[in-house]
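Residue numbers (this note's numbering), protein chains in the order written: chain H, 20 to 132; chain C, 20 to 132; chain D, 20 to 132.
Hints were generated in silico from the structure; no laboratory data involved. Treat the hints with care, as some may be off.
Think about it this way: if two alpha-carbon atoms lie no more than 16 Å apart in a straight line, the pair counts; the simulated EDC-like pairs of lysine to aspartate or glutamate are [said to hold, decoys possible]:
{"hint": "1", "chain 1": "D", "residue 1": "87", "chain 2": "D", "residue 2": "55"}
{"hint": "2", "chain 1": "D", "residue 1": "35", "chain 2": "H", "residue 2": "29"}
{"hint": "3", "chain 1": "C", "residue 1": "131", "chain 2": "D", "residue 2": "29"}
{"hint": "4", "chain 1": "C", "residue 1": "110", "chain 2": "C", "residue 2": "83"}
{"hint": "5", "chain 1": "H", "residue 1": "35", "chain 2": "H", "residue 2": "73"}
{"hint": "6", "chain 1": "D", "residue 1": "131", "chain 2": "H", "residue 2": "29"}
{"hint": "7", "chain 1": "H", "residue 1": "35", "chain 2": "C", "residue 2": "29"}
{"hint": "8", "chain 1": "C", "residue 1": "35", "chain 2": "D", "residue 2": "55"}
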Amino acid sequence: MFKVLFHVSDNETWPKAVLNVQNFLKDVGKDGAEIEVVANAAAVVTYYNQEKADLLDQMKQLSETGVKFIACRNALNAHQLDENSIPGFVKVVPGGITEIVAKQAAGFLYIKP
Amino acid sequence: MFKVLFHVSDNETWPKAVLNVQNFLKDVGKDGAEIEVVANAAAVVTYYNQEKADLLDQMKQLSETGVKFIACRNALNAHQLDENSIPGFVKVVPGGITEIVAKQAAGFLYIKP
Amino acid sequence: MFKVLFHVSDNETWPKAVLNVQNFLKDVGKDGAEIEVVANAAAVVTYYNQEKADLLDQMKQLSETGVKFIACRNALNAHQLDENSIPGFVKVVPGGITEIVAKQAAGFLYIKP
Numbered sequence: 020m021f022k023v024l025f026h027v028s029d030n031e032t033w034p035k036a037v038l039n040v041q042n043f044l045k046d047v048g049k050d051g052a053e054i055e056v057v058a059n060a061a062a063v064v065t066y067y068n069q070e071k072a073d074l075l076d077q078m079k080q081l082s083e084t085g086v087k088f089i090a091c092r093n094a095l096n097a098h099q100l101d102e103n104s105i106p107g108f109v110k111v112v113p114g115g116i117t118e119i120v121a122k123q124a125a126g127f128l129y130i131k132p
Numbered sequence: 020m021f022k023v024l025f026h027v028s029d030n031e032t033w034p035k036a037v038l039n040v041q042n043f044l045k046d047v048g049k050d051g052a053e054i055e056v057v058a059n060a061a062a063v064v065t066y067y068n069q070e071k072a073d074l075l076d077q078m079k080q081l082s083e084t085g086v087k088f089i090a091c092r093n094a095l096n097a098h099q100l101d102e103n104s105i106p107g108f109v110k111v112v113p114g115g116i117t118e119i120v121a122k123q124a125a126g127f128l129y130i131k132p
Numbered sequence: 020m021f022k023v024l025f026h027v028s029d030n031e032t033w034p035k036a037v038l039n040v041q042n043f044l045k046d047v048g049k050d051g052a053e054i055e056v057v058a059n060a061a062a063v064v065t066y067y068n069q070e071k072a073d074l075l076d077q078m079k080q081l082s083e084t085g086v087k088f089i090a091c092r093n094a095l096n097a098h099q100l101d102e103n104s105i106p107g108f109v110k111v112v113p114g115g116i117t118e119i120v121a122k123q124a125a126g127f128l129y130i131k132p
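One chain only, chain H, in its complex shape (with noise of 0.2 Å):
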């Protein structure tokens, strides 16, 4: 099984990266790949963005797969965003870097979309 992380750290790229996991879970199955989405530095801020309900719920769904999304608590912390209100399917990490290389380290691929 391949284990893949996504790296996103700006806001534009969103809907390229959810597209990429969309595209490679039809390739692979969902029991092809354990997949994590890191966000970090501004990338964190589309979580909290109504405006792009669509594409959150995208997210959603995709968790509800197993994809796990990832936000770095240093960058919620630089943009002013309330941990608490972040959507249920995202998990906080201290740091998103960090979490990279952990990741990384533990056989991950990584991936900048």
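Dock chains C and D against chain H, hints included.
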């Protein structure tokens, strides 16, 4: 011998990516590396852009020294581009991300220009 | 100990890259990681930009804790920048991509901020 995958996901990055490959090959020689350039998302449009003839010619020349140029079929379909009229030096794969994952799993190092 | 390479290929990404490194070091400590930041393409211009004195000072401080800052000579030449007047904390290598490949082959994890 190094195995290196360059991932290009937008059109603006192509000149930088091509220069990266050219400079890298100057350092290691054409027998020093196995190189694959994977274009997905909007980046596939450049393959069809006749206003970028110079760039496409450089890509073709690189392909003649062994560099593989790949296009993602999902991206071609999303941009309504005809696979049959893609330049002959480009190989189409079903999914660009799946290709990147498979190649990394096979030992290719990943670079996002 | 983690070995991590940050790849910066445009000037806009520098503040994000520096913050990434700072936050990562807070998590793992300066003895917890070997870090190299490789600038190629237009990103090398920032090393010479006196209007970015604050940013350059942060980079210098990071270098004093062991973070290595690298500039690609191909990029310096392309931007007609004099290697002799680059800040003292920056090391120039013949090719940025070749450096990234060599370091990844030596076990460095790759991150594109």
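For each hint, the structure was consulted:
no., hint, verdict
1, D:87 <-> D:55, "holds (5 Å)"
2, D:35 <-> H:29, "holds (10 Å)"
3, C:131 <-> D:29, "holds (12 Å)"
4, C:110 <-> C:83, "holds (13 Å)"
5, H:35 <-> H:73, "holds (14 Å)"
6, D:131 <-> H:29, "holds (12 Å)"
7, H:35 <-> C:29, "holds (10 Å)"
8, C:35 <-> D:55, "violated (21 Å)"
Hint compliance for this structure: hint 8 is the single one not met.
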